[in-house]
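Visitor: Protein chains in written order, with our numbering: chain V, 1 to 178; chain S, 1001 to 1178; chain B, 2001 to 2253; chain G, 3001 to 3253; chain U, 4001 to 4360; chain A, 5001 to 5360; chain F, 6001 to 6076; chain D, 7001 to 7076.
Warning: the hint list may mix true and false statements.
Stated by the list, open to error - Here are the simulated lysine to any residue pairs, SDA-like style, with alpha carbons at most 20 Å apart:
#1 D/Lys7032 x S/Asp1116
#2 A/Lys5209 x G/Asp3062
#3 U/Lys4201 x B/Glu2046
#4 G/Lys3010 x D/Glu7049
#5 G/Lys3156 x B/Gln2170
#6 U/Lys4214 x U/Pro4202
#7 B/Lys2193 x B/Glu2041
#8 S/Lys1144 x S/Asp1056
#9 U/Lys4209 x B/Met2042
#10 D/Lys7072 x G/Val3008
#11 S/Lys1079 x S/Gly1046
#12 U/Lys4240 x A/Gly5320
#13 A/Lys5237 x A/Asp5226
#14 B/Lys2197 x B/Asn2251
#15 A/Lys5310 x U/Arg4333
#16 U/Lys4208 x B/Asp2062
#17 G/Lys3018 x D/Ser7038
#18 B/Lys2156 x G/Leu3206
#19 A/Lys5298 x A/Leu5328
#20 F/Lys6072 x B/Asp2003
#21 U/Lys4306 x U/Leu4253
#22 G/Lys3002 x D/Ala7003
#23 A/Lys5004 x V/Asp154
#24 B/Lys2002 x F/Ala6002
#25 U/Lys4209 x B/Glu2047
#26 A/Lys5209 x G/Glu3047
#27 B/Lys2192 x F/Thr6068
#28 G/Lys3197 x G/Glu3041
#29 F/Lys6004 x B/Gly2004
Keep in mind that the hints were calculated from the coordinates and are not lab data.
Here is how the chains run, residue by residue.
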Amino acid sequence: MLQEMIFAGFGGQGVLSMGKLLAYAAMKEGKEISWMPSYGPEMRGGTANCMVNISDTPISSPIVQEYDVAVVFNLPSLKKFEPMVKPGGILIWESSTIKEAPTRTDIKVYAVPAIDQATNVIKNTQVMNMLALGSLLKVNPIVKPETLLTALKDTLPERHHKLIPVNEEAIKLGMSLV
Amino acid sequence: MLQEMIFAGFGGQGVLSMGKLLAYAAMKEGKEISWMPSYGPEMRGGTANCMVNISDTPISSPIVQEYDVAVVFNLPSLKKFEPMVKPGGILIWESSTIKEAPTRTDIKVYAVPAIDQATNVIKNTQVMNMLALGSLLKVNPIVKPETLLTALKDTLPERHHKLIPVNEEAIKLGMSLV
Amino acid sequence: MKDGYELVYKRPDTLLSKRMHYCPGCFHSTMHKIIMEVVDEMGIAEETIGVSPVGCSVFAYDYMDIDFQQAAHGRACAVATGIKRSLPDKFVFTYQGDGDLAAIGTAETIHSCNRGENFTIFFINNAIYGMTGGQMAPTTLEGQKTSTSPYGRDVKHVGHPLRMAEMVSQLPGVAYCERLVLNTPANVRKAKKSIKKAFDIQKQGLGMTFLEVVSNCPSGWKCSPVQSLDFVGENMLKYYPLGVKKDVTANSN
Amino acid sequence: MKDGYELVYKRPDTLLSKRMHYCPGCFHSTMHKIIMEVVDEMGIAEETIGVSPVGCSVFAYDYMDIDFQQAAHGRACAVATGIKRSLPDKFVFTYQGDGDLAAIGTAETIHSCNRGENFTIFFINNAIYGMTGGQMAPTTLEGQKTSTSPYGRDVKHVGHPLRMAEMVSQLPGVAYCERLVLNTPANVRKAKKSIKKAFDIQKQGLGMTFLEVVSNCPSGWKCSPVQSLDFVGENMLKYYPLGVKKDVTANSN
Amino acid sequence: MSKKEIAFMKGNEALAEAALRAGMTGYYGYPITPQSEIMEYLTRQAPEYPHVTILQAESEVASVNMLYGAGGAGGRVMTSSSSPGYSLMQEGISYIACAEIPSVFVNVQRGGPGLGTIQPSQGDYFQAVKGGGHGDYRVIVFAPNSVQEMVDHTVLAFDLADKWRNPALILTDGAIGQMMEKVELPEHYKFRSAEDMRDEKPWATNGKKGGRKKNLLTSLNIKSEDMERKNHELQAKYGKICDEEVRYESYHLDDAEIIISAYGLSSRICKKVVDIGRAQGMKVGLLRPITLWPFPSKKIDELAKKENVKLFMSIEMSVGQMDEDIKLVVNGRKPVHHYGRTGGIIFTAEDILNQIKAKI
Amino acid sequence: MSKKEIAFMKGNEALAEAALRAGMTGYYGYPITPQSEIMEYLTRQAPEYPHVTILQAESEVASVNMLYGAGGAGGRVMTSSSSPGYSLMQEGISYIACAEIPSVFVNVQRGGPGLGTIQPSQGDYFQAVKGGGHGDYRVIVFAPNSVQEMVDHTVLAFDLADKWRNPALILTDGAIGQMMEKVELPEHYKFRSAEDMRDEKPWATNGKKGGRKKNLLTSLNIKSEDMERKNHELQAKYGKICDEEVRYESYHLDDAEIIISAYGLSSRICKKVVDIGRAQGMKVGLLRPITLWPFPSKKIDELAKKENVKLFMSIEMSVGQMDEDIKLVVNGRKPVHHYGRTGGIIFTAEDILNQIKAKI
Amino acid sequence: MAAKGFVEISVEGCKGCGLCVHHCPVKCLSLKMDDTNSFGLHYAYLSNEETCIGCANCAVICPDAAITVYRKSKAV
Amino acid sequence: MAAKGFVEISVEGCKGCGLCVHHCPVKCLSLKMDDTNSFGLHYAYLSNEETCIGCANCAVICPDAAITVYRKSKAV
Ligand SMILES: Cc1ncc(C[n+]2csc(CCOP(=O)(O)OP(=O)(O)O)c2C)c(N)n1
Ligand SMILES: Cc1ncc(C[n+]2csc(CCOP(=O)(O)OP(=O)(O)O)c2C)c(N)n1
Ligand code: SF4
Ligand code: SF4
Ligand code: SF4
Ligand code: SF4
Ligand code: SF4
Ligand code: SF4
Ligand SMILES: [Mg+2]
Ligand SMILES: [Mg+2]
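Isolated chain V, as found in the complex (with noise of 0.2 Å):
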C-alpha cells in the first residue's frame, strides 16, 4: 500500500523535519520511502511543506498532487492542501492557532491543538510537530512509535539525546488527543 502524505506549515515549525522522521522510521520498519521538501526562495519567511511517499512497493514519483494525509499547521496550508485531499483521506490541523476550520466532509478531519497542548501541557513548543505525529499515528498507524522513537534516536546528535523523552511525551500526549 502507498501513502501521500503532506506536512504543511510555517517554516520554523517543524515541519520538514516530521517528515523526515516519519519517513525514516518507515525505512527502519521495511518500506519505500521518499521525502520531499519544497525548495526555494518561497520558503523565505513563508510556508514550508514537505512531502512524504512511504509504500510496500518502489515509488514513483516523490511529488504527488492528492493526499492520502494532509498535516496543516498554518491557514494558508490548510486552504491549499484541504481541497487536494483524497476522498476518505486524513487532514489534521492545528486548531489552537487556526481560526478558520476544514470545511470538507468527504474526509476524516482532526482538530489538534497542537501548539497549545506543547506550550500549555508539554511547556516545549518545539515538540509541536512531535504531538501532531503522534496524532497521525494513532489514527493512521503508518509505524510504530517505538519506530519512530529510535527513528529519533538515530538522527539526533549524542548531545540532545535529553530531548527524547520530551518527545516520547509528545507523542503520547499527541496519541491521547484524537
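Put chains S, B, G, U, A, F and D with the ligands on the given structure of chain V with help from the hints.
Guide: Coordinates of chains S, B, G, U, A, F and D with the ligands only, in the frame set by chain V:
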C-alpha cells in the same frame, strides 16, 4: 569561364591588394568575382595570400585548392603553391629574390624580377605588385589594363591619386617583362 | 486621522502595496523603501528604469512602481549599460547583492565603473548569499560561518573579504562612491540623502555613482533581526568602514 | 668558438629551438626567453607547469620545454587555480595578455589574486589585442588609435585605461606585485631578477605573485620595433609607472 | 527596399553596413577572429552615426547582457562573435528568448570544438537551432551564402526580431565573413532611437511616461503554472514563426532524384555539384535552407513524398548535424546521408559528387 | 564495489558523498538552487578529507575552467550546477571535450528558459546530448532516477571520465536532487592525489619529471588538417563509447505494444503508468535510457523492428527533446509521440495514460 | 489625547521584526506576543499611546513601511 | 683577433627587428640590408668585428635569442 587564382608572398608585399584590385576591375567589367584572404595569426610575420575567382557564372566556393593562376613572391609560397597549379596553368614568380626556380614543366612558368625592377627601374618598391599584375595581364588578359587603372582610381583615396601614374608605369613595365 | 494631528510619515507611493517577500527585518526592504521615497520626492518615477539582479532582490520589480528589467546573475551592470546607452536621458539603476556584484559579476562591475557608465549601482552587501540559502559570499567576514564555510571563513583557503567600494572608487569612471548602512533611523535618513545625491550626479552625467549598503541577513546569519543589528555594528562596520570614498563634486564646493 | 674566448650568453636550454611566431621585435619573445632562463637557472623545468592564454602568446607552449595547459580566453587564472590546488608543490604560472587578463578575465584575475592562489601571473600589457589584429584593449592609452578606436581611444566613451598592477596590489592575497619593462638590456636583466623572486615567493607559499610587463606590439601599433621602444618609453611608462607595488617579503628585511 | 548602391565588400563589413542601414541603434561586441571586421567597420563609420551606440564590451558575456538591456529599452540591437564567444552567450540568449527581447546575433563560425581553428566551419548548427542554452526556446536562424545575403539577412533579422520579439541569429562562417564579393546595398531606414520607437514597442522599459503601467522584462516565472504558461506562449509563437517565416531556395528540384541539402558556404559548392552532376546526366537538385530555424520541413516532406526522389544527402562542414533535422522530416521514407569535412577544410564539388555516387 | 552502508539521504548529498568515496580530488562550484546542497555537504565533510580541494569559485565560468586545470593536472574532478549555470559552462565544456580532460559535471535541472523557475525540469536534454557548446563533441550523460542512482552514476561517471578522457555529466533534476530516499553507499576508493595518479595518466600536466617529454593539453588546432584529424580522433572515440557504454533499463518490454520512453524522474512515473496500464490490460512497457548519450539506439531499433510494437511515446518534462532521438532511430517504422509538462509541473500516471490512450 | 504623536501599524504589513520596538526612543512600541497576523507573525503595536512623540524613527527604520506616523499639528 | 668579444647571430633565427643594433653600446651591429633570410627578413650581423666588447647587451635584448656572445677569457 572561371579562373581560380592565388596571390601569395610575405606580409607587406601587397599581395592582398593586388588580388583585390584585379577582382574589383573584373567586377567593373561585369564578371562574377570573389576574393578571399588568408586570415588569422598565421599572417603574423609570415606569409599572406588571397584567392581570387573571376567567372562568367556565379562562383561556388571562394576557397579553391587548385589554381589556374598562381603569383608568388617568396620561396615558401612557391613551394606551397607550385604543386597546386592546374596542368596548363600559369605560375608567375618573383625571380629577383626567390633563389630556387620552379620545376614543373606542365604549366606556363614566368620569371618576373618584380622587386628588382620596381626598386631599380621604377625606384618605388611599393609598386612591385602592380608590376607583377602587369605581367599577369600580358599572359592572361583577364581584364583590360585600363579597367585596372580606373579600378585603382576608384579605390585609392583622393589624396593618393598622385600615385596613379607610377602604378601605370609599373603595369606597363610588368607587361613588357614577359 | 485624528483631529489636530498631521501626517509626518507614510509609505511612499511608488512602493507598491504588495507585501515584500523579504524576511522580517531584512534591509533589502528598507533599501527598497527609501529608494522609492527618493524617486517620489524627485518626481522621477516615469523616467526611471531599475535593473534587478539574481539574489533575494530578484523580485525588486514587484515592489517598485517603475519600469524594470530583471538581469541574469551578475550581469545587472551590463544590462544597465545597454539601457542607459539607449536612453541617456533616463535615470537607470542596478540593485545587486554581494554574490551578484562581487563574485560572478566582478568583470561587469569593474568595467562599467571604469567606463564611467552614467547609472547608479545600489550594492547590498550582506556578506552572504541570501537567496540560495546562506552560502559564503566574496564579502563574508573572516571566521564567519555560512553554509559553505561551515567552520568559518578560512581566509587562507578562500581569501579575505573584498571591499568593493574601496576598489571601484579607484577607477576614474566613478564619480561618487559611498558606503552606507541602514541600522539606525539616523543612518537610514542619511542613506536617503546619499541616494538623492547619486541620482543628482547621474542627472549631471558625471559618471558612475556607486552606493554600497552594509546590509544584514537575519535568515542567513541565523539570528534575529535585532541581533543582526549587533553583527552589523560590531563586525561588519569594522571591516567595511562607512563614508564617502569618492565624490567628484566635492572639489567644486 | 674561438680560442681564448668564453661563452657569456646563449639561448636557454628550456627555450625550444623552434622559431617563435611572434613579429620581429615583439617583447613576447623576450619574456619567453627570460622566463626560461630563470627556469633553467633554478633547475625547475620538471616541476613547472605553464598556462597559456588566448592571445598572441597562445602558442607559448610551443617554445617552452615544460608541461603546459592552454586555457580559454580570460580563464588562465582559473585553470592555474585548478592546477596549483591539485599539485601544490609544483611551480605554476599563467602568461596572459591585457585583453585576456584585464577584459574578459577580470573576474578570474581579481578573485585568484584575492584568494591568494599561490602561482605566478605574467601579465603582458601591450595596450592592444595583438592576436586578433589590433583592437582596443582595456589598457589602450587615451587617444591611442587601434582598429576599434580608429580615431583614438575616447575615454569619455570607453573609460580610462586600467592599471592592473595597482588594482591587484590592493588585494591581501597578493604577496608580490611589480611592473616591469623589457625595453633595454638593463631592464631585461632586472626583469629576470623579478621573475626569480616571484618563483621564490611562490615556493615559500606566500600568495599570488603578479608581474605586469609593459610590452609592445609593433604590428598592432603600426610601427617598427625600434619605434615601439619610443612609444613604450614616452607613452606607456608615463601611464604605467614601473616599480614594486607590493612585496610582503620586504618587511622582513 | 530599393537597392541601388553597388559595392565590393567583405562579408563582415557588408553585414555591418547593412546593420547601420537597417536602423541599428546599438552594437555591443567583443573581438574574435574571423568576425572582428564587423566592430572595426562600425567604429570607423561611427562619426557618421552619432546616435548609434557602438561599444566594445569586456567580454561576450557582457555583450549579450548589454543586448538584453538595450533591446529591452526598445532599441534595435546587435552583437557578433564566433564559435567560442557565441558559446559564452548561451545563458544570456536563453534569458533573452524567454524575456522576448528583439535582438540580432551573428555567429561567424570557426572550427571547433574548443579553441579549435579560425578556419570556416558549420559545427555550431545544433547549438544554433536546438538552443545551446537551457530550456525550451528557439532562435530564428539565417544562413547567408553570399556577401549579398549577409546584407539581406541582416536587414531581415532586425525586422523579424522586432516583429516576433525574438532573438534572430545570422549563422555564417569564416569564409563568408572574410570574402569580398559584389553587393547591392539597401537604402537607409530612417533612423529612430529607442525613445522614438516608444509607440510600436509598448512593452519596452523606457520609463512609464504618460501614466502607462510599468513595464517589466523578466525571464523569471517562479511558480510552475506561470512557467508552464510562459512555455506555452513561447511554443505558440514558435509555431506561428514556423508557419510564416520559413525560407529556402530550390535549385533543380523539380525532377531531382538526389536531393542535396546544404546551407551557407556549403550550398554554393553544392550548386556546382548540381551543375556538374546534371552535366553528367545525374538528376540531382539542391534544397538550400535559408532559415535553419524555422526549418523548411514542409518542403522536405513534399520531396520525401515524391516517388522519383531516391535519396537525401546533407552536405555540411561538420560531422553531421543538419542531417538529423532532415531525417526527422523524411522519417524513413528515403535514405538520408551525410558528408562533411571539418576544421576548415572545404570539400570540392568532385569530392561531393564521389560521395553521392558511392551512395547510389 | 561492495555496498554496505545504508543511509537515508537527499539526492544532492548522496551524490556528494559518492564523489568523496569515488576518490574525487577536487570540487569546484558555485551555488545555485536546487543543487547547492552538494557543495554545502562537501564543505561540511571537508575536515575529514584534508587532501580534497573543495573550492567555491567566483562563478560557473571560473568553475569549469578550474576543472580544466585540475582535471588536466591529473585529478578526479567535479563541478555541479543547475540549468543557467550549466549554460555558462558551455564554452569551457567544448574546450574540455577537445582537450580530452576527464571531468564530472552535474546539472540538477530546473525549469527554463531564462532564470525560469527552480522547480524540476528536463528542458536541457538537447544541450546535454547534442553539445550546448560549439563544435562537434559529445559528453557522456547519465540520467539517474533515484537517490541510489545519484550515487551509482557518480562513481561510474568518475570512472568513465578517466577511462575515456571525456567529460561525463549527471543530468538530473530538482526533484531527484532534493528528495530523500534510502541509499546504499559504496566503500571508499583508496584516495590518490593527482600526483599519485601520475603513472596511469601519462598525459597529465604534472611536471615532466624523470625526463619524460613535456605534456600539453590544448584544444587549439590552428591548421585545418590538424583540426580535422582531431575531429576524426574524437569521433572514433565517440563511436567506441557508443559501442561499449550504452546503459538502459527495460521494464515489461518483451510483449509490449506501446513503448514508453522516459528518463530520470519521468521514468519513475512511467513505471507506474506501465503497472496501471498492464492492470487495465494494456500491453505497455518502458524503455528507460540510463545513458542519454550514448543513446540506447540499438535497443530502440530492435523494438522498432518488432511487429507487435505499435507506437513509441516519449514522456519528458519539456516540450519535446528526447523524442527526436527516438524518432531518429525509429525512422518512420512506428509512430513516435511526445507528451510533456514544463515549469516543474509533474505529470501524473493518469495524465500519461490518458495521453497514450488518445494516441491508440 | 495628549500624546505628541501617534502611529498606525498595519497588522498584516508588519513582519514582527522588532526593529521599530528597538529604535523607539520612548519605548512605546511592543510586539503582540499573544497574537499573530495571518502570516503567523507577532506584529508590533503602540503599547504606550501616551508617550509617543511622533519622531517617526519607528517608521523610518521599519523595513516594510508598515508604520504611518502622525504628529500634533503645530497650528493647533 | 684583438676584440674583447664577439657574437654569433643565427641568420634564420634573426627577425631583423634591429633591437640589438639599437642597443649595442659600440654600434658594431648592422642589419644586412642587401640580403634576406628565407623569411624575407634583413638579418643582423657583426658589421664591426673589431669593436665588440662582449657586453651581451645585444643578446639580452634580442627577443628571439638569436645571438650567442663570447668574451675574451680572463685567464688567457
Ligand atoms: C548563473 C547563475 N548562477 C547562480 C545562480 C544562483 N543564485 C541565485 S541568487 C545567488 C546569490 C545571491 O546572493 P547575493 O547576490 O549576495 O544576493 P542576496 O540574496 O544575498 O541579496 C545565486 C548564486 C543563478 N541564478 N544563476
Ligand atoms: C571567448 C573568446 N573571445 C574572444 C576570442 C578572440 N581573441 C583571441 S585573442 C584575443 C585578445 C588578445 O589580446 P591580448 O590578450 O591583449 O593578447 P595579445 O595578443 O595582445 O598578446 C581575443 C579577443 C577568443 N578566442 N575567445
Ligand atoms: S534571506 Fe537574508 S537577504 Fe534574503 S530576504 Fe531573508 S534576510 Fe533578506
Ligand atoms: S601582433 Fe603584436 S603582440 Fe602579437 S606577436 Fe605581433 S607584435 Fe607581438
Ligand atoms: S513615532 Fe517615535 S515615539 Fe512614536 S512610536 Fe515611533 S519611534 Fe516611538
Ligand atoms: S519595524 Fe515594521 S515590520 Fe518590524 S516590527 Fe516594526 S512595524 Fe513590524
Ligand atoms: S656583445 Fe655588446 S658590443 Fe658586442 S655586439 Fe653585442 S651589444 Fe655590441
Ligand atoms: S635583436 Fe635578434 S632578432 Fe632582432 S635584429 Fe638583432 S639578432 Fe635579429
Ligand atoms: Mg548577499
Ligand atoms: Mg595585448
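Visitor: Does each hint hold? Answer for all of them.
Guide: Each hint, compared with the structure:
no., hint, verdict
1, D/Lys7032 x S/Asp1116, "holds, 17 Å"
2, A/Lys5209 x G/Asp3062, "holds, 19 Å"
3, U/Lys4201 x B/Glu2046, "holds, 16 Å"
4, G/Lys3010 x D/Glu7049, "holds, 19 Å"
5, G/Lys3156 x B/Gln2170, "holds, 17 Å"
6, U/Lys4214 x U/Pro4202, "holds, 10 Å"
7, B/Lys2193 x B/Glu2041, "holds, 11 Å"
8, S/Lys1144 x S/Asp1056, "holds, 16 Å"
9, U/Lys4209 x B/Met2042, "holds, 15 Å"
10, D/Lys7072 x G/Val3008, "holds, 10 Å"
11, S/Lys1079 x S/Gly1046, "holds, 14 Å"
12, U/Lys4240 x A/Gly5320, "holds, 17 Å"
13, A/Lys5237 x A/Asp5226, "holds, 16 Å"
14, B/Lys2197 x B/Asn2251, "holds, 15 Å"
15, A/Lys5310 x U/Arg4333, "holds, 18 Å"
16, U/Lys4208 x B/Asp2062, "holds, 15 Å"
17, G/Lys3018 x D/Ser7038, "holds, 15 Å"
18, B/Lys2156 x G/Leu3206, "holds, 10 Å"
19, A/Lys5298 x A/Leu5328, "holds, 12 Å"
20, F/Lys6072 x B/Asp2003, "holds, 9 Å"
21, U/Lys4306 x U/Leu4253, "holds, 11 Å"
22, G/Lys3002 x D/Ala7003, "holds, 12 Å"
23, A/Lys5004 x V/Asp154, "holds, 17 Å"
24, B/Lys2002 x F/Ala6002, "holds, 12 Å"
25, U/Lys4209 x B/Glu2047, "holds, 7 Å"
26, A/Lys5209 x G/Glu3047, "holds, 7 Å"
27, B/Lys2192 x F/Thr6068, "holds, 18 Å"
28, G/Lys3197 x G/Glu3041, "holds, 12 Å"
29, F/Lys6004 x B/Gly2004, "holds, 10 Å"
Hint violations for this structure: none, all hints satisfied.
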